[in-house]
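What follows is the residue order along each chain.
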Amino acid sequence: MKTESRLEKVLAAGHFAVTAECGPPKGADVAALQAKGKHLLGCVDAVNVTDNQTAIVRMSSVAACAILKGMGHEPVLQMVTRDRNRIALQSDLFGAYGLGVRNVLCLTGDHQCFGNQKEAVGVFDLDSIQLVKTVRDMRDNGKIIGGEEIQGPPKFFIGAAANPFADPHWWRVVRLGKKVEAGADFIQTQCVFNLDRFGEFMGQARDMGLTESVKIFAGITPIKNVGMARYMANKVAGMDVPEELIKRMAGVPKEKQPAEGIKIAVETIQQVREMEGIAGIHLMAIEWEARVPEILEAAGLSKRPEV
Amino acid sequence: METEPTRIVVYHCRNLRLFDAGEQKNFARSMPGLSLVAVPCSGKLEAHHLLKTLAANAEGVLVLACAEQACQYLEGSKRSHKRADYARKWLEKLAIEPDRIEFVHLPPMDLAALDRVLKEFVTKLESFKGTLNGAQAG
Amino acid sequence: MIVAELKEINEIRKMIDRYEAILVVGCDSCVAECAAGGNRETMLLAAALKLSYKKDRKNPVITEACLDRQCVDDFIERIAHLVPEHDVILSLGCGAGVQALARVYTDKPIIPALDTLFIGETEMRGVWQENCLGCGQCKLGYFGAVCPVTRCSKKLMNGPCGGSKGGRCEVDPDVPCGWDMIMRRLEAIGELDRLKEYVPPVNWATSHSGGPRRVVREDQKP
Numbered sequence: 001m002k003t004e005s006r007l008e009k010v011l012a013a014g015h016f017a018v019t020a021e022c023g024p025p026k027g028a029d030v031a032a033l034q035a036k037g038k039h040l041l042g043c044v045d046a047v048n049v050t051d052n053q054t055a056i057v058r059m060s061s062v063a064a065c066a067i068l069k070g071m072g073h074e075p076v077l078q079m080v081t082r083d084r085n086r087i088a089l090q091s092d093l094f095g096a097y098g099l100g101v102r103n104v105l106c107l108t109g110d111h112q113c114f115g116n117q118k119e120a121v122g123v124f125d126l127d128s129i130q131l132v133k134t135v136r137d138m139r140d141n142g143k144i145i146g147g148e149e150i151q152g153p154p155k156f157f158i159g160a161a162a163n164p165f166a167d168p169h170w171w172r173v174v175r176l177g178k179k180v181e182a183g184a185d186f187i188q189t190q191c192v193f194n195l196d197r198f199g200e201f202m203g204q205a206r207d208m209g210l211t212e213s214v215k216i217f218a219g220i221t222p223i224k225n226v227g228m229a230r231y232m233a234n235k236v237a238g239m240d241v242p243e244e245l246i247k248r249m250a251g252v253p254k255e256k257q258p259a260e261g262i263k264i265a266v267e268t269i270q271q272v273r274e275m276e277g278i279a280g281i282h283l284m285a286i287e288w289e290a291r292v293p294e295i296l297e298a299a300g301l302s303k304r305p306e307v
Numbered sequence: 001m002e003t004e005p006t007r008i009v010v011y012h013c014r015n016l017r018l019f020d021a022g023e024q025k026n027f028a029r030s031m032p033g034l035s036l037v038a039v040p041c042s043g044k045l046e047a048h049h050l051l052k053t054l055a056a057n058a059e060g061v062l063v064l065a066c067a068e069q070a071c072q073y074l075e076g077s078k079r080s081h082k083r084a085d086y087a088r089k090w091l092e093k094l095a096i097e098p099d100r101i102e103f104v105h106l107p108p109m110d111l112a113a114l115d116r117v118l119k120e121f122v123t124k125l126e127s128f129k130g131t132l133n134g135a136q137a138g
Numbered sequence: 001m002i003v004a005e006l007k008e009i010n011e012i013r014k015m016i017d018r019y020e021a022i023l024v025v026g027c028d029s030c031v032a033e034c035a036a037g038g039n040r041e042t043m044l045l046a047a048a049l050k051l052s053y054k055k056d057r058k059n060p061v062i063t064e065a066c067l068d069r070q071c072v073d074d075f076i077e078r079i080a081h082l083v084p085e086h087d088v089i090l091s092l093g094c095g096a097g098v099q100a101l102a103r104v105y106t107d108k109p110i111i112p113a114l115d116t117l118f119i120g121e122t123e124m125r126g127v128w129q130e131n132c133l134g135c136g137q138c139k140l141g142y143f144g145a146v147c148p149v150t151r152c153s154k155k156l157m158n159g160p161c162g163g164s165k166g167g168r169c170e171v172d173p174d175v176p177c178g179w180d181m182i183m184r185r186l187e188a189i190g191e192l193d194r195l196k197e198y199v200p201p202v203n204w205a206t207s208h209s210g211g212p213r214r215v216v217r218e219d220q221k222p
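Residue numbers (our numbering), protein chains in the order written: chain A, 1 to 307; chain B, 1 to 138; chain C, 1 to 222.
Possibly wrong hints are sitting among the right ones.
Derived SDA-like pairs (lysine to any residue); straight-line CA-CA distance at most 25 Å [stated by the list, open to error]:
no., chain 1, residue 1, chain 2, residue 2
1, A, K224, A, P242
2, B, K44, C, L6
3, A, K303, A, K235
4, B, K82, C, T122
5, B, K89, C, K139
6, C, K165, A, W170
7, A, K118, C, K165
8, A, K235, C, A32
9, C, K139, C, A35
10, A, K155, C, K165
11, C, K7, B, A95
12, B, K44, C, L133
13, A, K118, C, S209
14, B, K44, C, A145
15, A, K118, C, K139
Since the hints were made in silico from the structure, they are not lab data.
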């Protein structure tokens, strides 16, 4: 064991793991965060806490992690390099660890032009891969960037993202390799809708021997309706929503579309589970956390291991 | 009652061969307020020439160019058209009637066409009377 | 070169309306190449201002001049005879030109007529592209001569990110993905292997983050 992470324990014991995303509120509404957290309590192994997702100002992910931790959750701190320089990032890593956070997902983050603070400076002092290496150097060498020793090095279980659907396709697995090389212990992928392309990516990852050294979680997002499917297909950067899927949603009456979306999510979970090298799923039920238990129930994943 | 003549400056491409030797003066005399300026190619005109002309004393500026395919300098006529459009955009920005600058392709040696174009231009400019009668600059 | 754009005429008017004699000064170097502040544009702006004031029935003195370079003292001094009889200098230089004029003509207000944008190249007539941020430690040799700091919207050094689609940037489909360009170049010159190397964090101390920069060369001094 490299860390005290519960998520690491679940994976090390060979269980198929489940994580879910929880977006902090647009304000200081702790009760709203706790309400979301309550839906997920006991049915996932860890909760990813997003960091000002799509560049919209929300409660800080460090603070939200601490609140969820207080409820009994195992938080995964998402950290983007868009808003903080290396001084703030490293300082927040110390602070988060001090508050009991044991997992971190290192991201670059969506560009600030997508959010509600379009005039903000984009920091991007580090990129996601450099952040992975920074967290690893803290844990394994007890050093910050520049090589200075630290008191009480935080020992995080380190995550990174992968998007098998972005261009160019050949590069995606090389980038995955770079992240693993830099120190990623686990990977959470972009939402999987195109299973053919995802299967191809996993094949490449296996060929490079990456699935042996990193735990890959397939990203799953239930679609609420055909409008959302179209929106993600056309407007969200880095998404690949095949036309058949949009047609399938459109072919169902409006009131039955949510159920159909959940059915698709469950089918996707079942299919990715069959793929060699998939260690778990990461559920991103955007503003739909309440339906997570039902999806996991249907996918036969509602019982979480005790570790 | 005598009305002020409309002050117009016409830049015409020499290759249109509108006037025989000495004829330009006679034509200008026939129409008070008219100034005729021959240019080697309409492409020699820049947007600042057109604005400067308006800033000085003219109420309207007319650019007479050859047909694009007929331009002796290949791109001259095309360029002057673009520049006249650009100068018109400037007038819009300055809240001045953009039609005070006009660009016209004229057939060569066609004085009748020139006459027609001028008459229409004068009518148009008369409807703008008084909007650009500030302190005399230049 | 430095690429700039002319400000809106109303913004310029707002800054110069309080003066009665205006010296409009262009710069015939970089900002002439990008058709923002060269000799032509200086004449155009002066004419436009005259016209604009004429419409408002005002008649300030407007004189135009153009320097070969507005950022070098030897050139700046060439308008010295015009400066005393004007209340203000309206500069069509880049930000460096404006400040150089202010350093030389210490008692004159200097007003910028341009917004200075970036260091870039003329990609074709009428198109200028930013491609250098002046970070102070050029790494172009490792990236197929395409700058990740400038051409990637997120300054990624180990990119491209997950938002690259069809060679376009997620920020704007009109913006080409810088990393897509890097990869194509590396492929063309047979150096794709460079992409697998981890690139450590950039040292921003040599960039503007380290404070305003200055180069002093004793061998060049008079």
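Structure-based check of all given hints:
1. K224(A) / P242(A): 16 Å, holds
2. K44(B) / L6(C): 23 Å, holds
3. K303(A) / K235(A): Distance of about 36 Å is beyond 25 Å: violated.
4. K82(B) / T122(C): 20 Å, holds
5. K89(B) / K139(C): 43 Å, violated
6. K165(C) / W170(A): 13 Å, holds
7. K118(A) / K165(C): 22 Å, holds
8. K235(A) / A32(C): 39 Å, violated
9. K139(C) / A35(C): 30 Å, violated
10. K155(A) / K165(C): Violated, because 35 Å separates the two Cα atoms, which is more than 25 Å.
11. K7(C) / A95(B): 16 Å, holds
12. K44(B) / L133(C): Judged against 25 Å, a Cα distance of about 37 Å means the pair is violated.
13. K118(A) / S209(C): 22 Å, holds
14. K44(B) / A145(C): 39 Å, violated
15. K118(A) / K139(C): 29 Å, violated
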